[in-house]
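Peer 1: Chains as they are written, first to last, in full-length UniProt numbering: chain A, 1 to 483; chain B, 1 to 483.
Everything labelled a hint here was simulated from the structure, so no lab data went into it.
There may be inaccurate statements among the hints.
Since the list gives no way to pick one copy over another, a pair counts as held whenever it fits inside one copy or between any two copies.
[Said to hold, decoys possible] Pairs of lysine-lysine, DSS-like flavour, derived with a Cα cap of 30 Å:
id: 1; residue 1: Lys-152; residue 2: Lys-162
id: 2; residue 1: Lys-329; residue 2: Lys-152
id: 3; residue 1: Lys-329; residue 2: Lys-38
id: 4; residue 1: Lys-472; residue 2: Lys-199
id: 5; residue 1: Lys-329; residue 2: Lys-46
id: 6; residue 1: Lys-413; residue 2: Lys-472
id: 7; residue 1: Lys-152; residue 2: Lys-372
id: 8; residue 1: Lys-162; residue 2: Lys-254
id: 9; residue 1: Lys-41; residue 2: Lys-329
id: 10; residue 1: Lys-329; residue 2: Lys-413
id: 11; residue 1: Lys-162; residue 2: Lys-329
Just so we're clear, the structure is a prediction, and the values are computed from it rather than from any experiment.
There are 2 protein chains.
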Amino acid sequence: MGSIDEHVLTLGTLNPNVLELQYAVRGPIVIRATELEKELKAGVKKPFTRVVKANIGDCHATGQKPITFIRQVLALCNYPDLLDSDLFPEDVKARARRILDDCKGNSIGSYSDSCGLQVIREDVARYISERDGYPSDPSHVVLSTGASDAIKSVMTLLLTAKGGNDRAGFMIPIPQYPLYSAAISEYGAYPIPYYLNEKNKWSLDVAELERSIAEARPHCQPRAIVVINPGNPTGSVLTKENIQEIIKFAKREKLFILADEVYQHNIYAEGAAFFSFKQTLMELGSPYDQMELASFMSASKGFMGECGYRGGYAEVINLLPEVRANYYKSISAKLCPPISGQAVVDCVVNTPKPGDPSYELFIREKEDVLAKLKEKAALITQLFNSIEGISCNEVAGAMYAFPRIYLPEKAIKAAEAVGQTPDSFYCFALLEETGICTVPGSGFREEEGTFHFRTTILPPVEELREVLTNFKTFHLNFLAKYK
Amino acid sequence: MGSIDEHVLTLGTLNPNVLELQYAVRGPIVIRATELEKELKAGVKKPFTRVVKANIGDCHATGQKPITFIRQVLALCNYPDLLDSDLFPEDVKARARRILDDCKGNSIGSYSDSCGLQVIREDVARYISERDGYPSDPSHVVLSTGASDAIKSVMTLLLTAKGGNDRAGFMIPIPQYPLYSAAISEYGAYPIPYYLNEKNKWSLDVAELERSIAEARPHCQPRAIVVINPGNPTGSVLTKENIQEIIKFAKREKLFILADEVYQHNIYAEGAAFFSFKQTLMELGSPYDQMELASFMSASKGFMGECGYRGGYAEVINLLPEVRANYYKSISAKLCPPISGQAVVDCVVNTPKPGDPSYELFIREKEDVLAKLKEKAALITQLFNSIEGISCNEVAGAMYAFPRIYLPEKAIKAAEAVGQTPDSFYCFALLEETGICTVPGSGFREEEGTFHFRTTILPPVEELREVLTNFKTFHLNFLAKYK
Chain A
1 MGSIDEHVLT
11 LGTLNPNVLE
21 LQYAVRGPIV
31 IRATELEKEL
41 KAGVKKPFTR
51 VVKANIGDCH
61 ATGQKPITFI
71 RQVLALCNYP
81 DLLDSDLFPE
91 DVKARARRIL
101 DDCKGNSIGS
111 YSDSCGLQVI
121 REDVARYISE
131 RDGYPSDPSH
141 VVLSTGASDA
151 IKSVMTLLLT
161 AKGGNDRAGF
171 MIPIPQYPLY
181 SAAISEYGAY
191 PIPYYLNEKN
201 KWSLDVAELE
211 RSIAEARPHC
221 QPRAIVVINP
231 GNPTGSVLTK
241 ENIQEIIKFA
251 KREKLFILAD
261 EVYQHNIYAE
271 GAAFFSFKQT
281 LMELGSPYDQ
291 MELASFMSAS
301 KGFMGECGYR
311 GGYAEVINLL
321 PEVRANYYKS
331 ISAKLCPPIS
341 GQAVVDCVVN
351 TPKPGDPSYE
361 LFIREKEDVL
371 AKLKEKAALI
381 TQLFNSIEGI
391 SCNEVAGAMY
401 AFPRIYLPEK
411 AIKAAEAVGQ
421 TPDSFYCFAL
431 LEETGICTVP
441 GSGFREEEGT
451 FHFRTTILPP
461 VEELREVLTN
471 FKTFHLNFLA
481 KYK
Chain B
1 MGSIDEHVLT
11 LGTLNPNVLE
21 LQYAVRGPIV
31 IRATELEKEL
41 KAGVKKPFTR
51 VVKANIGDCH
61 ATGQKPITFI
71 RQVLALCNYP
81 DLLDSDLFPE
91 DVKARARRIL
101 DDCKGNSIGS
111 YSDSCGLQVI
121 REDVARYISE
131 RDGYPSDPSH
141 VVLSTGASDA
151 IKSVMTLLLT
161 AKGGNDRAGF
171 MIPIPQYPLY
181 SAAISEYGAY
191 PIPYYLNEKN
201 KWSLDVAELE
211 RSIAEARPHC
221 QPRAIVVINP
231 GNPTGSVLTK
241 ENIQEIIKFA
251 KREKLFILAD
261 EVYQHNIYAE
271 GAAFFSFKQT
281 LMELGSPYDQ
291 MELASFMSAS
301 KGFMGECGYR
311 GGYAEVINLL
321 PEVRANYYKS
331 ISAKLCPPIS
341 GQAVVDCVVN
351 TPKPGDPSYE
361 LFIREKEDVL
371 AKLKEKAALI
381 TQLFNSIEGI
391 SCNEVAGAMY
401 AFPRIYLPEK
411 AIKAAEAVGQ
421 TPDSFYCFAL
431 LEETGICTVP
441 GSGFREEEGT
451 FHFRTTILPP
461 VEELREVLTN
471 FKTFHLNFLA
481 KYK
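Extracted from the complex, chain A is given alone in its bound form:
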């Protein structure tokens, strides 16, 4: 490698937005966790025998089994010669044929339209209609490479292509899922943080939204509000009243609503329910039902957890036709989302019906996954709240807990001494001593002076008990050490 002077790209010439971008879910702690895995493999002695990757909502990585119906449909789509075998139920064959019939040349190796295969867009629209009780138009459904891709495509429309105080402003919850802050950095846009109320189940307070946008207005052009429901990393589930207030606020402030609803199947708390922004906005009637809204969904979460297929979609409503044409034009250069991911989305929104050969197995597998998640959500909430120096809102939905940790002054000083945020310092210590890999709250942003970490609730129940026991021991030792 030559001297720095000879390189086109140095830290001085690299896109400064890339330099600034952070994505904590795969940040330094995760990189260290991967190193530790290699060290263990190489026989290096550690105080633990394996690394627990609780940093990322990666269901199958932590032992969740794929849903048979989904994988059987995918096997046939990939290798249609099997359509003649008697290894597969008839409804699986029918589904694979339906998808293949919509593929050019009957092959999932051909491109689909950029918005996805028509039959799948239709199935998504039917799913949304049945979920909400309001019609959904297939031509408003855009399939994508995971929800992230759809989110970034819609955010791109909202940019101003200007700098300084003319930058597009995106209201984002704090704590937030770092895809949003990463995209805002990459685009040179302006983040408008609004704080969720930890003391009231991470609810969303309109006065706080108003404070937040008022402070940001001199610095940007506020264009959109991001709401994540069920919450990541918070595990909260918004009430309908809360959603109504947010919609009314967005209307007053003329904001595009970006509703991240990828955890809509993951609801655990007694009395909690998922209400979509689409439904709530339709119920409110005019003028709210004419507001621009993008709702995002993923094949990676829910009961299926098929992260690796990169399936997702957006329903984007109330765009002006000429804006929609530009939206679809802008995604056309990406050609299309992977057809396998689209097929998984289809299986998720159009599941086997009672009487179908696959129905019983499907429903058993689905309910088993969701029941276990519910059990783990309760277990983790209860355990965190039983430990000194930790408080944790109920994991009402999604797949994460975001406990608050009360760190001794000495620990905060020790963190400062090594140039880390106190919660990074804590999470690094947790990783090195127990092998448990979490993400520091600072990666999601958090209220000044508070410290958190995010952990998934995904490990199998027995393993999770053990993890929590190890965690408790670590935590109490940590408190004692820095008392």
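Assemble chain B onto chain A, guided by the hints.
Peer 2: What follows is chain B alone, placed relative to chain A:
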């Protein structure tokens, strides 16, 4: 839908970069072609019975059959229960097991690292090493969601996040593949067009590169040169000497080289051969072998044509370590490319070997595809050159012909009268009269005052003969009409 005033997004507020972005391969003619298909289906009488989509390099859509080995491996990766069946050869099972063993939880439903699965990165590196005779480091290989995704990720690194004359400049060939101009528009970067020499097989002339960059310098910061070899849309294959000249030019001008080599398997002309930029740069030795280079490859072209899987990769060499760390950080927020697409890439770079149970069928299928493409490349070159008012360089590689059409003055006037470029006017007429869907040369940019269109060479031989006959009739009628 409310009045324009109530919308957050109007043509006035929409990201102006999105407004400007064009991607002709899926532009207005293709939208019209899809309408025509619907009209035909609905029984509307047309002068043709079906639409021939010669606008896009979508192999399976035009009848190419998938390679059995690839699809068998994919079936097993998707549904590992089949690993116990005797329907699959042992080498297919071994390959699927190898991929699954590298997946977290042994499931392609889990995320891989953002750069892709390690075993596949290793297989890619081995393929490159064997191709070039120079070592390739797996940690420099980045798997991606099709080549497009990898190209955009590297281009992102090179942006300046500044406007006006401080924008990043990207040298792009004219004619070019419109992904580049679309990305440049989206990023608000500056295109630096250099013209390929149509009179000399679309070769690349260093004097032209020098003219091009000199003219652009006052308007941008030139950061990179894009070279597409084999050429899209030109069908040209660069000689090694030509590649050497480009590398030396890039060195003098301190440019990052973006080598789009997705058609590296598609070489047809007598005496033509594919030379990679990596190999040529290594052969040149110091200081050239220390230059920053990204080479892009895809699972969508070649003999496999698996577009719908969205598999691709980049080999990116000679980055400073701190720049590489930022590169990998910047793609981490995308989580990972689809595992199915990664698995297809693996099958493409690590094919069955002589003696393997799948070898004979694999090699027969592969050679059949490539032999037919070669036959069609010759057929189309010969036919275009036999028609009055058309000249076409030999389709030496890739999957397209880019014939020049000499249009009568009256046709040019008629186009102006309806506000179209002359070649759009021509391609629309071709579509309406024959059902043949091509892309006007203006979509790829072309030298002022020249007119072209791009057509793929993909339809099956017999169909292609018929298409070319219909084309010839149309063309001669068109000339007669506007004489």
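Peer 1: If the cutoff is 30 Å on CA atoms, where do Lys-152 and Lys-372 land: within, between, both or neither? Let me know, please.
Peer 2: neither (32 Å within a copy, 40 Å between copies)
Peer 1: Classify it for me, Lys-329 with Lys-46: is the Cα-Cα distance of at most 30 Å met within a copy, between copies, both or neither?
Peer 2: between (53 Å within a copy, 28 Å between copies)
Peer 1: When Cα atoms must be at most 30 Å apart, do Lys-329 and Lys-413 count as within-copy, between-copy, both, or neither?
Peer 2: The answer is between: 28 Å across copies meets 30 Å, while 53 Å in one copy does not.
Peer 1: Can you give me the call for Lys-329 and Lys-152, within, between, both or neither, at a CA distance of at most 30 Å?
Peer 2: So Lys-329 and Lys-152 pass the 30 Å test inside a copy (15 Å) and across (17 Å) alike.
Peer 1: Between Lys-162 and Lys-254, at a C-alpha cutoff of 30 Å, which is it: within one copy, between copies, both, or neither?
Peer 2: both (19 Å within a copy, 28 Å between copies)
Peer 1: My question is about Lys-41 and Lys-329: at a cut-off of 30 Å on alpha-carbon distance, are they close within one copy, between copies, both, or neither?
Peer 2: So Lys-41 and Lys-329 pass the 30 Å test across copies only (25 Å; inside, 48 Å).
Peer 1: Taking 30 Å as the upper bound on the Cα-Cα distance, should Lys-152 and Lys-162 be classified as within, between, both, or neither?
Peer 2: This pair counts as both: shortest intra-copy Cα distance 18 Å, inter-copy 21 Å.
Peer 1: Since the copies are identical, ignore which copy is meant and state whether Lys-413 and Lys-472 lie within 30 Å (CA to CA) inside a copy, between copies, both or neither.
Peer 2: Intra 22 Å, inter 80 Å, cutoff 30 Å: intra-copy only.
Peer 1: Is the C-alpha distance from Lys-162 to Lys-329 at most 30 Å within one copy, between copies, in both cases, or in neither?
Peer 2: both (21 Å within a copy, 25 Å between copies)
Peer 1: Between the shortest in-copy and the shortest cross-copy C-alpha distance, which are at most 30 Å for Lys-329 and Lys-38: within, between, both, or neither?
Peer 2: between (45 Å within a copy, 20 Å between copies)
Peer 1: At most 30 Å between C-alpha atoms: does Lys-472 with Lys-199 qualify within a copy, between copies, both, or neither?
Peer 2: within (23 Å within a copy, 75 Å between copies)
The structure is inconsistent with hint 7 alone, although it conforms to all the rest.
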